[in-house]
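Peer 1: Next come the chains, spelled out residue by residue.
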Amino acid sequence: MLALFTRDLKLAFRSGGGFGLALAFFLIVVMFVPFGVGSDLTLLARIAPGILWIGALLACLLSLDRIFQLDHEDGTLDVLATSPLPLSGITAAKATAHWVTTGLPLTLAAIPLGYLLNLPEPAYIWLFASLAIGTPALSFIGAFGAAVTVGIKRGGLLLSLLVLPLYIPTLIFGAVSVTKSVDGLNPLPSLILLAGLTLFSVVLMPFASALALKANLN
Amino acid sequence: MTIKATNICCSRGPRQVLQDVCFSLTSGDCLILRGPNGVGKSTLLRVLAGLSQQSSGTLELDHEEIAYSGHLDAVKFQLTIAENLSFWAGVYGTDTTAQVIAHFGLNDLADRYAANLSAGQKRRLGLARMTLSNRKIWLMDEPTTSLDAEHTGLIAQSISDHCFAGGIAVLSTHLDLDIPSAKTLDLLQFIPTKDTNTSIFLQGSF
Numbered sequence: 742m743l744a745l746f747t748r749d750l751k752l753a754f755r756s757g758g759g760f761g762l763a764l765a766f767f768l769i770v771v772m773f774v775p776f777g778v779g780s781d782l783t784l785l786a787r788i789a790p791g792i793l794w795i796g797a798l799l800a801c802l803l804s805l806d807r808i809f810q811l812d813h814e815d816g817t818l819d820v821l822a823t824s825p826l827p828l829s830g831i832t833a834a835k836a837t838a839h840w841v842t843t844g845l846p847l848t849l850a851a852i853p854l855g856y857l858l859n860l861p862e863p864a865y866i867w868l869f870a871s872l873a874i875g876t877p878a879l880s881f882i883g884a885f886g887a888a889v890t891v892g893i894k895r896g897g898l899l900l901s902l903l904v905l906p907l908y909i910p911t912l913i914f915g916a917v918s919v920t921k922s923v924d925g926l927n928p929l930p931s932l933i934l935l936a937g938l939t940l941f942s943v944v945l946m947p948f949a950s951a952l953a954l955k956a957n958l959n
Numbered sequence: 002m003t004i005k006a007t008n009i010c011c012s013r014g015p016r017q018v019l020q021d022v023c024f025s026l027t028s029g030d031c032l033i034l035r036g037p038n039g040v041g042k043s044t045l046l047r048v049l050a051g052l053s054q055q056s057s058g059t060l061e062l063d064h065e066e067i068a069y070s071g072h073l074d075a076v077k078f079q080l081t082i083a084e085n086l087s088f089w090a091g092v093y094g095t096d097t098t099a100q101v102i103a104h105f106g107l108n109d110l111a112d113r114y115a116a117n118l119s120a121g122q123k124r125r126l127g128l129a130r131m132t133l134s135n136r137k138i139w140l141m142d143e144p145t146t147s148l149d150a151e152h153t154g155l156i157a158q159s160i161s162d163h164c165f166a167g168g169i170a171v172l173s174t175h176l177d178l179d180i181p182s183a184k185t186l187d188l189l190q191f192i193p194t195k196d197t198n199t200s201i202f203l204q205g206s207f
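Residue numbers (the numbering used here), protein chains in the order written: chain U, 742 to 959; chain S, 2 to 207.
For the record, the hints were derived by calculation from the structure and aren't laboratory data.
Mixed in with the good hints, there may be bad ones.
As the list claims (entries may be wrong) - Okay, derived cross-link-like pairs now, DMTMM-like style, lysine to aspartate or glutamate, Cα gap no bigger than 20 Å in a straight line:
| no. | chain 1 | residue 1 | chain 2 | residue 2 |
| --- | --- | --- | --- | --- |
| 1 | U | 751 | S | 84 |
| 2 | S | 5 | S | 63 |
| 3 | U | 955 | S | 63 |
Okay, chain S solo, but in the shape it has when bound:
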């Protein structure tokens, strides 16, 4: 299980945000993306997830092994916590809903509608999906937003366990997480040097 990114350039709209991003990860690695707001952390994660296309460069990773969690929690308010998770279990074809609910301390809330959860509880529910998916590569965009210290620790622990079990995690965060195997990648070094015009009309796409 590896991820290999070679000279990836990403654009957001017509503007190029990252140039020549290179890294390679193998089983057990955890990569933390750092950089100020707007540097392109989310854009890079979306490219890794296959949701966006890189404008150039090559990316080698197994898309069948990806579990992605974005800014939004992908939680349905009209469903209970248990229903939300069993839906994702059905999508990913796994059946560990009960264990995951217990592991993330959601037992007491299992029959509550997601509309009545706090922001942090919703975030935990969104992250419980990652464990539930039973996939090897975790891509997480700011997983620690709106979590308290205790649950930030729980997330860091889940990520460490995941990497220890041979998985790979790529995440963006502004906090210092206690993950032993973590490497840090500062995206500031990949800011484009010259202002390249990536307008689709000039590239001949039309």
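This is chain U alone, in the form it adopts within the complex:
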């Protein structure tokens, strides 16, 4: 599984790997918001947590179909499915690699981008924490969506429709924890619920994805 994980990282950084795609999209969305809503600093500060979370979520969505589609197209997935690795391990390794190449850079980039949106100072630590805790859930739920749509050529639309509703709880708890810290309330309860969601996805989604892959390879 380590071999698969390191290979996915290597592929992401090589040409056509799509590493910069999510990051660039996130950058563009967040930088365009002040142009769209105007330079009212109090308004920006109020909507900043939501914008940053929605931006990160959509950026993550953008790269989901690569998780299995590329391996399916060149026959690698068939060979992996007959290899000693269990399918659930394969999906866990690939979802983790997806998080390292999208979720983690997004989390780090959110800090300077928060400054662009005049995010109040006490919220930075909570923004970082909520994204660091929440983005693994996005990758693991997304891997499940990618596994369900793997056989479909250009199944991007179906994948988005399938995955977006499943992302809503993560978005709510993630954004609310940052908003609460902006308002001076205690953000910890929402953060704990977010952590629960992430643990739930990380534990269960690899098995669900494995079932979906098995059905799709048939």
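Place chain S on chain U using the hints.
Peer 2: Same frame as chain U, but now just chain S:
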């Protein structure tokens, strides 16, 4: 080490393609599947590999010993030959990458990106994976496509060596390969006699 297939029926989509396929193989056997395009060679190989389910019949084989190679080479263009093979070595938990590269005459190409390989070289890289896997049962779908005569001979030799060492190989090909222990199975005899309706809605799966 045996493979025993009893009355295997395979479907592709809603259509049944093979009916009552029976064969049994033991260590050292090589089975060559023959038949015209579309008769169900690939479908049967996918069933043997456990990628598809047979619609009926029993199949006895050890799934832990399978190495499968399909139509596609499972080669990543952005990686070099050495990186491609060491990835599979990591997956199968073996460490014979260097020997395998030398055996398949890929030494000079080892640091080249797979995107720059010819179709035949990619095929060789895909087949090098079988040797690398160190597994007993080889399932190969048209291993000789786009190979020249010399390398077709090399593949036939690898398969013979594998069987001689106690392995089993099942492959489909349209060429005459020089494999001494090979048996031939003509799939034309297993074409369904009547047009059975295997629609999943009628089977009660839903």
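Peer 1: Now tell me if each hint is right for this structure.
Peer 2: Structure-based check of all given hints:
{"no.": "1", "hint": "U:751 to S:84", "result": "10 Å, holds"}
{"no.": "2", "hint": "S:5 to S:63", "result": "10 Å, holds"}
{"no.": "3", "hint": "U:955 to S:63", "result": "18 Å, holds"}
Violated hints are absent here; each numbered hint is respected by the structure.
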